[in-house]
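J.: One-letter residues, chain by chain:
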Amino acid sequence: ILNVEQSPQSLHVQEGDSTNFTCSFPSSNFYALHWYRWETAKSPEALFVMTLNGDEKKKGRISATLNTKEGYSYLYIKGSQPEDSATYLCALPSNNAGNMLTFGGGTRLMVKP
Amino acid sequence: NAGVMQNPRHLVRRRGQEARLRCSPMKGHSHVYWYRQLPEEGLKFMVYLQKENIIDESGMPKERFSAEFPKEGPSILRIQQVVRGDSAAYFCASSPIQGSGQQYFGPGTRLTVT
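Note that the protein sequences, when read in sequence, are chains A and B. With our numbering applied, the first sequence corresponds to residues 1 to 113, in that order. With our numbering applied, the second sequence corresponds to residues 1001 to 1114, in that order.
Hints were generated in silico from the structure; no laboratory data involved. What you are looking at is a predicted structure, and each value in this text was computed from that prediction instead of being measured. Careful: at least some of the hints might be erroneous.
[Claimed, not checked] Once the Cα atoms are required to be at most 27 Å apart in a straight line, the calculated DSS-like pairs of lysine-lysine come out as:
hint : chain 1 : residue 1 : chain 2 : residue 2
1    : A       : K112      : A       : K42
2    : A       : K78       : A       : K59
3    : B       : K1044     : A       : K69
4    : A       : K42       : B       : K1044
5    : A       : K42       : A       : K78
6    : B       : K1044     : A       : K57
7    : A       : K69       : A       : K58
8    : A       : K78       : A       : K57
9    : B       : K1027     : A       : K59
10   : A       : K57       : A       : K69
11   : A       : K42       : B       : K1027
For reference, chain B alone in the conformation it holds in the complex (with noise of 0.2 Å):
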């Protein structure tokens, strides 16, 4: 069973374009939460989905950044006219159940904004 996908691992943008990160996960899961680590710091939630719907964006920044997990397909973070400031690593996890369950982590694809 393959794990949670990710990819790209690594996407350079300049300032001002778009990126696109995507996060399969897990055969079987259809809950998709996606976390930020930005430079010297931690973990942090942005996102919860399930397919077609958006449950919690309470870590969302406001402006720029998407969130969307189709019927079909893999689950898309998209943030429109990056900023040097979105450069960190972004993970996205997935679990079976909501709940208080495990979730799975990919690898992670790192953003850089030059």
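Chain A extracted, bound-state conformation (with noise of 0.2 Å):
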């Protein structure tokens, strides 16, 4: 069974901060990483999909870096907006065919305007 953490559960930050969190996984046997943002009552999201070591993407004001070497993911928001207000998954199929997506738990972040 694949485990993937993500840290903090939760975060809530002012408008126009800057913030980032973590997803991890194990190093071993790793095919890709997705990103989502999932926003109450809405479907998720898809961000990213991650496949290489070293990777870094970008969307606007989000961006993510991946390694796969020691086995975590970073997402960052830079400049956070009230709309931005959302649980960002990370997500990792357990084998090559990609098949089954392994979800961590998400972090819950809230924007104060």
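Hints given; two lone chains; assemble the complex.
T.: Right, here's the structure in full:
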């Protein structure tokens, strides 16, 4: 069973603050890492799929890095806005077929105006 | 391009009844995945299907749960003789290809068993 850990569980920041959180995973048998953004009552929205050690991806004010050797990925949000409030999930497939994503528990971000 | 559609969004069933949850994947996607979120827990994989085939059902409970993805029409997750412990949010995702690529999620069906 793949163990995917996310920290912190929740985070409260002020509008304009930059923030980051972590996804940790076993470094052996790595295939890919997915980041999702999940607003309450909506579908989880795909942010990034990362596959290579050292990968850096960026989408607007959100960016992510990947270290497969040490088994972690960071998600950064620059200049947080209230609309960034959501739960951020990371997920990894348990095999190369990519069928089954194992999700971390998520980081719930709340941005106060 | 419409996203992944799930219906109903909310479903209430009494203990012992059957629940049928539907998922229409994105256009052009032939791979469907079902996940479940129990109260206070994260998303957990249940089953992976391609058209007319169950590929991986390692996350499905052994009894009362079944899934299908027919040649025509939506994928169906069926729960027979529901119990209170089946109350959860059930999410469907689809992808155009097999592999470690992106899965696109629907809005979920929230099942409440009374």
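J.: Each hint: holds or not?
T.: Hints and how they fare:
{"no.": "1", "hint": "K112/A - K42/A", "in the structure": "21 Å, holds"}
{"no.": "2", "hint": "K78/A - K59/A", "in the structure": "11 Å, holds"}
{"no.": "3", "hint": "K1044/B - K69/A", "in the structure": "26 Å, holds"}
{"no.": "4", "hint": "K42/A - K1044/B", "in the structure": "17 Å, holds"}
{"no.": "5", "hint": "K42/A - K78/A", "in the structure": "23 Å, holds"}
{"no.": "6", "hint": "K1044/B - K57/A", "in the structure": "26 Å, holds"}
{"no.": "7", "hint": "K69/A - K58/A", "in the structure": "21 Å, holds"}
{"no.": "8", "hint": "K78/A - K57/A", "in the structure": "14 Å, holds"}
{"no.": "9", "hint": "K1027/B - K59/A", "in the structure": "25 Å, holds"}
{"no.": "10", "hint": "K57/A - K69/A", "in the structure": "18 Å, holds"}
{"no.": "11", "hint": "K42/A - K1027/B", "in the structure": "20 Å, holds"}
Against the hints set out earlier in the document, no violation occurs for any number.
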